[in-house]
Amino acid sequence: MAQAAQKITLSSSRDIPFDKLVLSQSNVRRIKAGVSVEELAEDIARRGLLQGLSVRPVLDADGIETGKFEIPAGGRRFQALSLLVKQKRLAKTAPVPCVLRDVTSDILAEDDSLAENMQRVALHPLDQFRAFVALKEKGQGEEAIAAAFFVTPQIVKQRLKLASVAPALLEVYAEDSMTLEQLMAFTVNPDHARQVQVWEALKNSWNKEPFSIRRMLTETSVRASDRRAVFVGVDVYEASGGVVLRDLFQGDDGGWLEDPALLDRLVADKLQAEAQSVAAEGWKWIEVSTDLPYGYSHGLRRLVGDPSPLSADEAAEHSKLLAEYRTLEEEYSGQDEYPEEIDARLGELEVAMEAFEQRPLIFEAAEVGRAGVFVTMDRDGNLAVYRGYVRPEDEPREETVANFGNEPCAEGQGADGSVSADQLSAGLSAVTVITSGGQPLSVGLPDDEDDGTLKPLPERLVMELTAHRTLALREAIGRSPNVALTLLLMKLVNGTFRSSGASGSCLEASVRTVYMSAQGPDLKDSPVAKAVDDRHAAWEADLPLGDDAVLWDYLSALDQASRLALLAHCLSFGINALHEKVNPYGAGISAGGLTRRMAQSEIVAKAVDLDMVTAGWEPTTDNYLNRVPKARILEAVREAKGEGIAQLLDHLKKGEMATEAERLLKGSGWLPEVLRRSDLDALEGDVAAEGQGALSEEALGAADIDVEIDLPAFLTADLPVASTAMMAAE
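Under the numbering used here, the first residue of the sequence shown carries the number 64, and numbering increases by one thereafter.
Accuracy of the hints is not assured; some may be wrong.
As the list claims (entries may be wrong) - Cross-link-like lysine-lysine pairs, in silico, DSSO-like; alpha carbons within 30 Å at most:
#1 K383 to K347
#2 K518 to K644
#3 K347 to K518
#4 K716 to K266
#5 K224 to K199
#6 K669 to K587
#7 K333 to K347
#8 K155 to K83
The hints are simulated quantities; they were obtained by calculation from the structure and are not laboratory data. The structure displayed is predicted, hence computed values, not measured ones.
My request is simple: use the sequences and hints to build the entire structure.
So, in structure tokens, the structure goes:
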């Protein structure tokens, strides 16, 4: 006959006065963890005791119950109740809900304590996020939720944000198929459709890193640190209806502006408003541009103005600041370094005095009437107004005759009287259109046109790259007097022995500044552009321009080294190593002329030891990698890092491949063939000299792979160390 299953009897529950309870030495919890006793006490005071204590009768030496009860499970709750009693917020005799274990039970007290802690299952984070949402939907504010659970309001905002991710992705996270860090990355963009689209694109990829998710979700947005956003102001953008994407989980430099078109319109409106205020000064013309190209003042004469005088009060204040500055300098001159507060005060005085010294310039009224202004913003997002430029057609006729056809050089850019204002305006307009919004319109071939074969570089890209090379050659020629003199002699010899004829002067040797009609937006801010402009400004400050007789005496008095240096600088503006479109109908340069120009530029590059890596050029997604097909990107990585690394990028889409290639090529010294020197490129077979491009596979194989090859983390995450080295060495 089958035996009936024994019925389970649960321990009884009972309210026991607090003063009858004592802690048990059988409680296994010895280390403090989790919510503090103080926070638990506040929670009990707010909502009451949610879970009773597990207690046992205390027996005396004869096994008789003493009326006291020990607590093997629930010690922290008892300590929180003790704190409330000590604070006189709970009576000593207040009844406490307890589960009373029978004194005859075979279960040990330590067993109860251990089981209560080990059988507990932590809440899944997603359940916590959704619970916060439920509290908020039922009218509880973020501050109240934060206070109730002893967290900061920022943490509440973060958890509510996590719960707002697309439901489909929350289910993926609930199934542990997505990490918390990945889920956090999806909160950057509130568009559920876009979130799901990005996950579908990445879920089967090696690269599911949070930074990749953030990049894809913000790729059409503009960072708040962008100079356009700084110029307009994020507050103005938001007040105009613009949306700012925020990252609550890491620094985002102010977020991302989601509407670039609105931002560009606000930039244009603000620049036009600034131009309207400048127009009141009486200038003949104002050119407004969000991004003036290098050479914007080409062919224009710069007015020389006088600083506006200080008022009596301003002069007195300036003298007072200067006296304090000199007093502090003298007082602390014997010390190795200034005390922190003195150093800070000296900095404040320098800023205050600089504000007085940078006075607005005053120009002659007649000159203002024929001159113009450029209104733009600088690289930091500040308003930049360049006043006092005279176009050739606005010059008085008598001044043109007095100068014998020689126009003064425009500041920082040289001069060329043969370039008309119409040509300049056309050049400015073309560049502005091309770089509108800070992005080039030509971004290379789309993926569907990329068949994997190496095709010639786009002509526009070659023109931009050779503009970099031309400017670098100018800078190098400007500090190489001997090479400049040789180059000038070659020019004169060719003109003497190969010219078909000359007229109008006994000597027609001149430098015609070449305007770079095709250039990338990064050219004007490059290190070599700054070097050329700084050198030009230094010479211009010393030269007595405007009076040919005085200028003649000044040049005659220069020592030989200074004369050669000035010759080299002036000659450098005539450097033309630009690739141009060949015109078979006679206008412009011929195919033979272009070949000869590039061959001569090679000779000059060798003479000045030109290295485009040292000159500051590096491949980026904007200036090269996004402008060429995938085959070209892989070729660059292959030459710089080896075949194994190139193969690891082969499966990526164009945009991802360009981004990873930029990271891998940074600091490698790789150059496209347009920027390499042929003599260095040919050294030692396929192994390029330092700063000229490729590393051979033999060189890679001889190196320590684990140290030298910087593989992307997403390409090696699931590979053992040996496999990683093997793939890199293939």
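Results of checking the hints against the structure:
1. K383 to K347: With a Cα-Cα distance of about 40 Å, the restraint between K383 and K347 is violated, given a limit of 30 Å.
2. K518 to K644: It holds: about 18 Å lies between the C-alpha atoms, which stays within 30 Å.
3. K347 to K518: Cα-Cα ~48 Å, so violated.
4. K716 to K266: holds (14 Å)
5. K224 to K199: It holds: about 12 Å lies between the C-alpha atoms, which stays within 30 Å.
6. K669 to K587: Given pair K669, K587 holds - Cα atoms ~25 Å apart, limit 30 Å.
7. K333 to K347: holds (20 Å)
8. K155 to K83: Status holds; Cα separation ~9 Å.
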